[in-house]
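Residue numbers (my numbering), protein chains in the order written: chain P, 90 to 440; chain A, 90 to 440; chain H, 90 to 440.
In short, the hints are calculated from the structure, not lab data.
Please note that a few of the clues may not be correct.
[To be verified] With a straight-line Cα cutoff of 30 Å, these simulated BS3-like cross-link-like pairs (lysine-lysine) come out:
1. H:Lys133 / H:Lys172
2. H:Lys380 / H:Lys281
3. A:Lys136 / A:Lys172
4. A:Lys423 / P:Lys423
5. H:Lys396 / A:Lys133
6. P:Lys396 / H:Lys380
7. P:Lys369 / P:Lys133
8. P:Lys380 / H:Lys369
9. H:Lys380 / H:Lys423
10. H:Lys423 / P:Lys415
11. P:Lys380 / P:Lys369
12. P:Lys281 / P:Lys380
13. H:Lys415 / A:Lys418
14. H:Lys133 / H:Lys423
15. H:Lys380 / H:Lys418
16. H:Lys396 / A:Lys415
17. A:Lys281 / H:Lys172
18. A:Lys415 / H:Lys423
19. P:Lys136 / H:Lys423
20. A:Lys172 / A:Lys423
21. A:Lys418 / P:Lys415
22. H:Lys133 / A:Lys369
23. P:Lys136 / H:Lys133
[As the list claims (entries may be wrong)] DEER-style ranges, computed between Cβ atoms:
24. P:Arg182 / A:Pro189: 42 to 52 Å
25. H:Gly386 / P:Arg182: 42 to 52 Å
26. P:Lys133 / A:Gln426: 46 to 56 Å
[Said to hold, decoys possible] Which stretches of chain A does chain P cover? Using the computed rule of at least three CB atoms under 8 Å from a CB of chain P, they are:
27. 97 to 111
28. 190 to 202
29. 318 to 328
30. 331 to 339
31. 417 to 426
Backbone N, C-alpha and C fix where the C-beta goes; we use that ideal spot for every residue, glycine too.
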Amino acid sequence: MSYRLSELVDRFGGEWLGSDVVVSQVASLENADSSHISFLSNPKYRKQLSTSRAGAIIVEASLRDAITVPRIVCANPYLYFAKVSSLLNPRGRPAPGIHPSAVIHSSAVVDASAHIGPHVSIGEGVVVGADCILHPGVQLAAYVQLGSGCELHANVVIYQDCILGNRVTLHSGAVIGADGFGLAWDADHWFKIPQIGRVLIGDDVEIGASTTVDRGALNDTIIEEGAKLDNQIQIGHNVVIGAHSALAGCVGVAGSTRIGRYCTFGGSAMILGHLDIADKVNVMAGTLVGKSIRQAGTYTGWYPVQKHEDWLTNASHLRHLDALAKRVKELEIKIAQLDTQGEHNKEGDKP
Amino acid sequence: MSYRLSELVDRFGGEWLGSDVVVSQVASLENADSSHISFLSNPKYRKQLSTSRAGAIIVEASLRDAITVPRIVCANPYLYFAKVSSLLNPRGRPAPGIHPSAVIHSSAVVDASAHIGPHVSIGEGVVVGADCILHPGVQLAAYVQLGSGCELHANVVIYQDCILGNRVTLHSGAVIGADGFGLAWDADHWFKIPQIGRVLIGDDVEIGASTTVDRGALNDTIIEEGAKLDNQIQIGHNVVIGAHSALAGCVGVAGSTRIGRYCTFGGSAMILGHLDIADKVNVMAGTLVGKSIRQAGTYTGWYPVQKHEDWLTNASHLRHLDALAKRVKELEIKIAQLDTQGEHNKEGDKP
Amino acid sequence: MSYRLSELVDRFGGEWLGSDVVVSQVASLENADSSHISFLSNPKYRKQLSTSRAGAIIVEASLRDAITVPRIVCANPYLYFAKVSSLLNPRGRPAPGIHPSAVIHSSAVVDASAHIGPHVSIGEGVVVGADCILHPGVQLAAYVQLGSGCELHANVVIYQDCILGNRVTLHSGAVIGADGFGLAWDADHWFKIPQIGRVLIGDDVEIGASTTVDRGALNDTIIEEGAKLDNQIQIGHNVVIGAHSALAGCVGVAGSTRIGRYCTFGGSAMILGHLDIADKVNVMAGTLVGKSIRQAGTYTGWYPVQKHEDWLTNASHLRHLDALAKRVKELEIKIAQLDTQGEHNKEGDKP
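From just these sequences and the hints, can you work out the full model?
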């Protein structure tokens, strides 16, 4: 599979300059050879432009005439590159059919175009839509529903009654619909609260490896359309993740929190329970959000790294920060008094 | 399955008022209809009392006469609701028997009342007690022992020699008994220390999805009876989690730490290794515990979130907090000197 | 299996004193009996020396004559103990062969000495080297290559094209080669960037339970030889982990970061993306690294835990730390003015 620059421009827009070379794969500026098309979007890699051996490069307008290598000029080189890469690397699709080692309940409805791999189990009343791919070891409990075009990687588990839209991708080790952490204290032990809600996942959601999304306690846990969850994320019961929000690895969202649309969360951010996060909120990596955020914007809170001995010295003051603030307040009062006295003294000096 | 309020009160105590209506399911105040019984425990939802269409509501004594809807009045509405929900939502129980695709070692002893799902493997010398449920893809290595009434969800893994009590629930992706992180530095590489301890899990423990509990290095790792672990938790080797302690999602407990009974840990709290945590300690979410805690109480330590630009400005001072404290100390000394001089000056003024 | 102290010294060096007793297992000082050999390396356990009933103890030179129990004196008791434990606890090795329930693609090459457990699937073109052990439920996608002596615990998943060296150990729930988190924003939704790199894992790497290592976006993700990763770790796309670096549980490394050789990272440390971390850097637990670290050394940054009410009081000042610093600066200016005035006043006092 290979394309001329002119063919790419026909498909995706932009302008091509230099020779109308043929490219067959994408690569980074550093590793590209003449068969590759590369791109520049992060200015910190700009110096690699001159040394790259890429056959062609996707750049923004400001670099249109700064280089002579065959190039495509466009508004958003990163997105353009993504589309070219997608064209050159179509998703593989295994043949339809059910592997003989799969165990399918007689009441389940599996579309004939679906691929069901080895060691899969599909429970009572499950529905698997057209063109779904279930890799080996996927386990679907009773009454799970998958729309069309879903891909579930090896060893994904979905608990009973959960519903996925179309073109949902779940990576290996993801667990959808396990019980939420619902406990009531009963004199001398915890009493478990049945978790009778479901997980509802919208169209075009992608969920990373070993990410867990708990079923609702009463209402459902909802991941709206187009949301993207990276690996090792924990989503508590009754949470709502708004459409097109993106959560990086190791994020935790505690129960009953509602996250708006078009939000982003950096790696290992932690959002406490029963909060409301507005649309278009960006929370930076490592930040713990302990109260609702009502306004779009970027929010941060983490302790900056230092040499260990410097941290020891500095951080020890945090345990006494209130005392320090009070000492400053006291100094301000004293200074004000001294100032007044000074004025008096000066006045007193006056003959 | 449905019950009159009077029947619920006969079972669980409390007082019913209004009509003796029939309810068949629990629901939140917001989503309930006339067939549902709801509850109010969190005062922040109190305004929903007036708009809820619930058939009945569980409330505490202070609200006994504040509403007219059929109601149950009791000391702890949340616990009461949990018990009603448990009654209305009994745990499903698949039929006893071993699925033909399961692979059971000839020396294993599986109780006839147990349910063994598809693609399960059970190793040499394993014992599976009465009424256990092993969902699809569960893998039990040699000499694992399960008490009675355990439920292991799909794709749970237990390594060799680990022992579970009765009524233990493990959610999908949980891994019990993998090697602890034991390494000794040997000139130019890490030398692995065999992890020869086991994991021992007490009665009525529940462990969440993708939680990992490492086997002991020499002694055993122990999760005592009634402890509850949420999802994505990491328990290091030789750790002891005391009875009835509850750990929320993404918590980490490093090796050889001993946690007392009746403790609670908020989401993504991190406890360093070789520490002792007393009984009835509550550690708030996002807190790193770096030293032993000898006294019951609530402990916290995390950096509060701010608008990003405010954080930038404020957090930059943390790297110089010791210098700031020293400057305050110096100011105090100077003020004291000025104060004394002022007195002298004033005295000097005296005729 | 048992050894005299003299036999151990013949193998591993050091000096033995007291009787030449026979030991058959290792144990902690606290739990040992006369058949056990124990060790002392952490001085905080020294008081256990006098009460231990161990048959023999491994100690360092300074304790050579402080105890009378049979003992081995050596430079590094912890490493010595590790080697003795390794001798007394050889890794079990299941018989070669392929379980009939395993599904192996006809084009795969599985060495005859390998053990392939139940419910394993092995895809097209996969190569499994000599003496590999694949526990139940392992799923290898197309073109995966394993060197010799690898052990993959139950339910490990490796995506297509990833390559492991020799003697690599992967614990249960580990996922190697899932898609990295590569997204480009396209007007009103995220556009997925194909992740066409692989994961390359060097010799003698060990990866913990539920740890995820994403495949590269363009270039490969690389875990160099001898690196050790604990449980629940997330490694983003294009990351390089240098040889013999060790990462404790719950660490996250975001995309395209390069970590040097011989580094250590404490539990739940988080390293942001596109950074360079030098060789021999130690990052303490709970620390977020937000910029490159160019120098070997130990680095820390976390908020210390306090009683909750003390934290509330102290942490509230963090949101105003810049204001506090400015107030201190202002005080310094005023004091300097007062000081000058004082001098003037004093001078003014002079007759």
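Okay, the hints, checked on the actual structure:
{"no.": "1", "hint": "H:Lys133 / H:Lys172", "result": "22 Å, holds"}
{"no.": "2", "hint": "H:Lys380 / H:Lys281", "result": "27 Å, holds"}
{"no.": "3", "hint": "A:Lys136 / A:Lys172", "result": "24 Å, holds"}
{"no.": "4", "hint": "A:Lys423 / P:Lys423", "result": "11 Å, holds"}
{"no.": "5", "hint": "H:Lys396 / A:Lys133", "result": "26 Å, holds"}
{"no.": "6", "hint": "P:Lys396 / H:Lys380", "result": "13 Å, holds"}
{"no.": "7", "hint": "P:Lys369 / P:Lys133", "result": "27 Å, holds"}
{"no.": "8", "hint": "P:Lys380 / H:Lys369", "result": "39 Å, violated"}
{"no.": "9", "hint": "H:Lys380 / H:Lys423", "result": "37 Å, violated"}
{"no.": "10", "hint": "H:Lys423 / P:Lys415", "result": "18 Å, holds"}
{"no.": "11", "hint": "P:Lys380 / P:Lys369", "result": "16 Å, holds"}
{"no.": "12", "hint": "P:Lys281 / P:Lys380", "result": "27 Å, holds"}
{"no.": "13", "hint": "H:Lys415 / A:Lys418", "result": "16 Å, holds"}
{"no.": "14", "hint": "H:Lys133 / H:Lys423", "result": "51 Å, violated"}
{"no.": "15", "hint": "H:Lys380 / H:Lys418", "result": "28 Å, holds"}
{"no.": "16", "hint": "H:Lys396 / A:Lys415", "result": "25 Å, holds"}
{"no.": "17", "hint": "A:Lys281 / H:Lys172", "result": "9 Å, holds"}
{"no.": "18", "hint": "A:Lys415 / H:Lys423", "result": "17 Å, holds"}
{"no.": "19", "hint": "P:Lys136 / H:Lys423", "result": "50 Å, violated"}
{"no.": "20", "hint": "A:Lys172 / A:Lys423", "result": "67 Å, violated"}
{"no.": "21", "hint": "A:Lys418 / P:Lys415", "result": "12 Å, holds"}
{"no.": "22", "hint": "H:Lys133 / A:Lys369", "result": "26 Å, holds"}
{"no.": "23", "hint": "P:Lys136 / H:Lys133", "result": "54 Å, violated"}
{"no.": "24", "hint": "P:Arg182 / A:Pro189: 42 to 52 Å", "result": "31 Å, violated"}
{"no.": "25", "hint": "H:Gly386 / P:Arg182: 42 to 52 Å", "result": "50 Å, holds"}
{"no.": "26", "hint": "P:Lys133 / A:Gln426: 46 to 56 Å", "result": "52 Å, holds"}
{"no.": "27", "hint": "97 to 111", "result": "violated (count 0)"}
{"no.": "28", "hint": "190 to 202", "result": "violated (count 1)"}
{"no.": "29", "hint": "318 to 328", "result": "holds (count 3)"}
{"no.": "30", "hint": "331 to 339", "result": "holds (count 5)"}
{"no.": "31", "hint": "417 to 426", "result": "holds (count 4)"}
The structure fails to meet hints 8, 9, 14, 19, 20, 23, 24, 27, 28 from the earlier list, while all remaining hints are met.
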